[in-house]
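Protein chains: 4
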Amino acid sequence: MQRTKVAILGAGFITDIHVESYHRFIPEAEVVAVYARNKDKAKAFAEKYHIPQWFDNVDELLQKSGCEVVDICLPNFLHAETTLKAAKAGKHVIIEKPLAVTLEEADAMIDACKKANVKLMYAEELCFAPKYERVRHLVKEGAVGKVYMLKQAEKHSGPHGDWFYDIKQAGGGVLMDMGCHAFGWFFWMLNNAKVKSVSASMATVLHGGRTQGEDNSVVIVEFENGVTAVAENSWAKHGGMDDKSEVYGTEGVIYADLFLGNAALAYSKNGYGYAMEKADTTAGWSFPIFEEVFNQGYPHELKHFIECVQQNKEPLVTGELGRAVLEVIYAAYAAAGQGKKISLPFHAKVDRPIDLWLKP
Amino acid sequence: MQRTKVAILGAGFITDIHVESYHRFIPEAEVVAVYARNKDKAKAFAEKYHIPQWFDNVDELLQKSGCEVVDICLPNFLHAETTLKAAKAGKHVIIEKPLAVTLEEADAMIDACKKANVKLMYAEELCFAPKYERVRHLVKEGAVGKVYMLKQAEKHSGPHGDWFYDIKQAGGGVLMDMGCHAFGWFFWMLNNAKVKSVSASMATVLHGGRTQGEDNSVVIVEFENGVTAVAENSWAKHGGMDDKSEVYGTEGVIYADLFLGNAALAYSKNGYGYAMEKADTTAGWSFPIFEEVFNQGYPHELKHFIECVQQNKEPLVTGELGRAVLEVIYAAYAAAGQGKKISLPFHAKVDRPIDLWLKP
Amino acid sequence: MQRTKVAILGAGFITDIHVESYHRFIPEAEVVAVYARNKDKAKAFAEKYHIPQWFDNVDELLQKSGCEVVDICLPNFLHAETTLKAAKAGKHVIIEKPLAVTLEEADAMIDACKKANVKLMYAEELCFAPKYERVRHLVKEGAVGKVYMLKQAEKHSGPHGDWFYDIKQAGGGVLMDMGCHAFGWFFWMLNNAKVKSVSASMATVLHGGRTQGEDNSVVIVEFENGVTAVAENSWAKHGGMDDKSEVYGTEGVIYADLFLGNAALAYSKNGYGYAMEKADTTAGWSFPIFEEVFNQGYPHELKHFIECVQQNKEPLVTGELGRAVLEVIYAAYAAAGQGKKISLPFHAKVDRPIDLWLKP
Amino acid sequence: MQRTKVAILGAGFITDIHVESYHRFIPEAEVVAVYARNKDKAKAFAEKYHIPQWFDNVDELLQKSGCEVVDICLPNFLHAETTLKAAKAGKHVIIEKPLAVTLEEADAMIDACKKANVKLMYAEELCFAPKYERVRHLVKEGAVGKVYMLKQAEKHSGPHGDWFYDIKQAGGGVLMDMGCHAFGWFFWMLNNAKVKSVSASMATVLHGGRTQGEDNSVVIVEFENGVTAVAENSWAKHGGMDDKSEVYGTEGVIYADLFLGNAALAYSKNGYGYAMEKADTTAGWSFPIFEEVFNQGYPHELKHFIECVQQNKEPLVTGELGRAVLEVIYAAYAAAGQGKKISLPFHAKVDRPIDLWLKP
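Protein chains in written order, with full-length UniProt numbering: chain A, 1 to 360; chain B, 1 to 360; chain C, 1 to 360; chain D, 1 to 360.
A few of these clues could be false.
One copy or two, either will do: identical chains are not told apart, so a pair holds if it fits within one copy or between any two.
[As the list claims (entries may be wrong)] Derived DSS-like pairs: lysine-lysine, alpha-carbon spacing no greater than 25 angstroms straight-line: (1) K269 <-> K151; (2) K349 <-> K278; (3) K244 <-> K269; (4) K244 <-> K146; (5) K194 <-> K151; (6) K5 <-> K146; (7) K196 <-> K43; (8) K340 <-> K194; (9) K140 <-> K269.
What the hints contain is simulated information worked out from the structure, not anything from laboratory work.
Please model the complete structure; the sequences and the hints are all you need to start from.
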């Protein structure tokens, strides 16, 4: 079996998930190097996962690690810069959501990868989550007739890392962090249908002391094909992760729930170690999730990309889709800022998307 | 026990529910007469429920039936006219949703009842549904901290009566018919907080051949107290009634489901008689509801009104609340029509609310 | 409306439930007196519920209260003695489960009520619980074909009162306290079919320091009509009340859950007042039940009995059914004690049923 | 990566599952040959899955295929004979449930593999199903205190293949086919605790025209450590597969549901292709399962065995456990036949376990 050499960039929460996926489910890949901005963190990560090389300098990694693929799990503001370097070095790129902070960055990244003839995949794992993929296939089989409404919600009580709360690094709040999942999944379900307009409501309800970013948002996306889509996202929702999708068609409906609906149901008087992402407590009733990484579709996603690299195929989830998601994010911030529906295509020259809400 | 004399106006689906409620749960009331526009229907209804008098003329009923209360379960376009007559005749009025077709009618009704010194109650049963009232009390106890978001959804595959589909009689589609539940419940949960703005998305996705009205809508209501509320309503959703509410607070969350979540879960190879309102089939898996009338809060609602009449107390759910709901409906149609957030207070002179969407 | 005069005997947990039922849902009844062994408790209970008379002497109550009905909510060991007195005084009797401690007592009670020409109703509320009655009607409609298996489970973490743990007062442990619900419901569902045999497994797993009684039991009942029935009962199950029933037929299946399945789902960081019977905590996730008394069928049960008294009809749930339940309890203790299936009819002369397990 | 050569014996329902598991999740294994009794079936299976060799003669396969492992997915009556041959040929053996038809066969198989120094693994996939393994780890962490009761249920409407219904080939009915899952899981959860006694109730309720075997059974197993375990199994339950486990401890409880509890919830007016194993229909409401093979633990199970072979480790689920399961099956049939608890150790000389019920 041919093994593709992967360098992981980042050493945070999501990087653990990627490495677990490679190690347990993707024998076709070999993680050969890890990069973190902090030298000790890079080293510790490499040791924990038996990764042979570690770096605290991206350029050095690109030159020396021998990797064919870079898997970018860095904070948003580093996405564009790192992708451009990787493309220049001739490496294939898979990049965590959101694609970039600005539309200009997104365009530059897509362009650079094309010119360098390297693959660029936008790592939207909801496009691979097994339960949601089951739903998509049901819809394709005609189970619910013609789709007229989609809903997607992802909610928890706030991210792990500090940078998420700093809008200069992140570009926005929960919409930037988690709204992108909903938008990406809408495009995926609707075969990249065109968006007609976006309406949005946003607020900072729980983390006002820590961030200027919104921590609760509701966005309505109207597509040109007549489908209405509703995205709900929150960093203010206690009780563990919620990730739900709903499909409404003229002949039926499907509800799918990745966490509560997959979990066992437990009552523990004194609690235990871990229930699911962001569960504050495990005492009393809880919903202990299982195979959390698999059930969110990370292995399926990463395996797909390695296959694309090995067989020279185009990734199904493209940089263009990532850019389209970012355009909806722009439109949603603008809609919330201006208090009206924003029609697409939409573009505005800003340093970060959230400025469209904060300084409308 | 003193028994208050009630005349029922209407003989359709909702009237059955009111009469079952009076008969089984409200010994303090006595249904003495029924009115229907169709003579035979009035008579048949009276016979079915052992109601001593029946009328096909409202004026005659008001003069002769000896009723103290009229319970109006007529199509929307008759709400104002009938209420004005009842008030003039000195009868207390309880009226099914929505309060009226236009804001002008609503104002006239409230005014007339005040002048005639009769009680006017807006019959929003969600304010009495036992599971939702349990939720409201949990919130008041502080179970979820400060509320920042509410959601309410009511969906099925379309109403029974023809007049619902005729926008001249109904004034609008599913928003008029079922959106009013969500808005009424929002005001109830938030102690009549003021609305700041309304955004909306609407479409006719299933019943286009039968109605000009919208049969699917999503509305975002922003309150002045910072709460965001989302109303989802549909006449296009198969598989039986859905009625769900969610409360999000800074220290917790509550999900409540009136139908699927109360029901038993049954698998029947060949089906059986009745599962729940609007269930297309009972073969295969189904969710058979129980004590459907009680669990929706009708007895609690009607009992409350009879108590108000007997003890001369003000109803908790007022004509003013019904008017406020109608104002949100106006704003929602306008928002959908103009593609922007509509700020409240909002008023427009129209024949029916839906004109704000159809002819923006 | 004619009002039947009821005297309540007892002032514990279940008595609150009965009085709430009478007051809210049964205008045809009037609670005229309460008895408790403890004078202060009787007085306090009467004051709390505005009951005009209170007694600490049963004979006195029977002579002076003017009641037509006695509603017996006393500890098991007082059931027979009190029923015999009531019958002698010409009062109708409704009695909480189990009917009696011994089969001899049961026979004497049934006999005495017949001779005195007073009604005796065995208060098995599961025969009236709305969700379970919905299930029974579905089965009668043929929804699941021919029934071949029933399951009923009732579980919590142990009763409120001390006397439940004293086998001299209670006659046994959880089987006596809660197994009777399952057996009563089996007879109800199967139209008083005859039992062929009983197998059982019992243990004291949590309350060994406090009781000699079993606090966990599993009983298999085989009926002559070929139906297998499984009763699971526990005083050792944390996390609040569980009450579930399942029906298996040749053409379908029905699952019904009275508590978790009716409840809202709440997450509360710091908890709130009350979730459901026996819920240890309300912090974290919980299942807040609503209309708990109604949903368990108490009003329906008591209303039925008052109707029987007023209209001189035979109660549907008879003393004979209560006796048949007790016979199954005897057989179950014997089966657990002897380690074999016990065939019915079964009788053994013991002071209390649990002796058949403890001293086989 | 070293790849272990596997020969698959059988070409039925379960064989598809094993091959999907090897191909998608176990790169360490290589399926080199397939055997089926029917030549055409063997060939078709090989072609479908791109397996290079196919055989209709086991001896030939053992000599020529070059396999290191045989994976036996044949009807029960062939288990012993095939295992003995494989051991003799020096092949490692992994074998589908139940281990064998008789205890004598089981002993011979264990003995033969030991003498031949080949590994024998009993393929109980519930010991690897991710949700159940999550539950087991929660219990080990102390989430529910000391376990006092286990429940396991597996039910559907009857197997695919004809041989299951022929007690000469299968040795029994649903207890043999699916009860073994429950018993295997009990031993697994309780660290191979010793069984004290077994009680059982059996009946043929749906498939009486097709089989002499029981198609519904309830078995109570009492362990020496004081744990009570209840196994429910059925071939008479409509509406698709049910596989549920429950753990009751002195400080909590865990409920886990492999099918309904993992599935999406769909309503489809006209139905679609496939919902889950044994779902009769997909019209109306259904529970579409996803990653069915993974969620039942097959890949985890087979991967474990390949690792054992490659690293010369003892499989965690042994032939001895498979034998212990068979002993409980014997005892359960005897208990049902004799109508009493059967104490273990238990042995009886019979041609097939079900004889202990049919001819007690």
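Using 25 angstroms as the alpha-carbon threshold, which applies to K244 and K269: within, between, both, or neither?
-> between (28 angstroms within a copy, 22 angstroms between copies)
How would you label the pair K340, K194 (within, between, both, or neither) given a Cα cut-off of 25 angstroms?
-> Classified as both: same-chain Cα gap 19 angstroms, cross-chain 20 angstroms, threshold 25 angstroms.
Homo-oligomer pair classification [K151, K194; C-alpha up to 25 angstroms] = Within one copy, since 17 angstroms is at most 25 angstroms while 28 angstroms is not.
Measure nothing new, just compare the shortest in-copy and cross-copy C-alpha distances for K5 and K146 to 25 angstroms and report within, between, both or neither.
-> neither (43 angstroms within a copy, 47 angstroms between copies)
Which holds for K140 with K269 at a C-alpha limit of 25 angstroms: within a copy, between copies, both or neither?
-> For K140 and K269, only the inter-copy Cα distance (15 angstroms) is at most 25 angstroms; the intra-copy one is 45 angstroms.
Taking 25 angstroms as the upper bound on the Cα-Cα distance, should K196 and K43 be classified as within, between, both, or neither?
-> Answer is neither: 48 angstroms inside a copy and 53 angstroms across each miss the 25 angstroms cutoff.
Within, between, both or neither: K349, K278 at alpha-carbon 25 angstroms = Close neither inside one copy (35 angstroms) nor across copies (50 angstroms); limit 25 angstroms.
From the Cα coordinates, with 25 angstroms as the cut-off, is the pair K269 and K151 best called within, between, both, or neither?
-> between (35 angstroms within a copy, 20 angstroms between copies)
If the cutoff is 25 angstroms on CA atoms, where do K244 and K146 land: within, between, both or neither? Let me know, please.
-> Answer is both; intra-copy 20 angstroms and inter-copy 24 angstroms each pass.
Checked against the numbered hints listed earlier, the structure breaks hints 2, 6 and 7; every other hint is satisfied.
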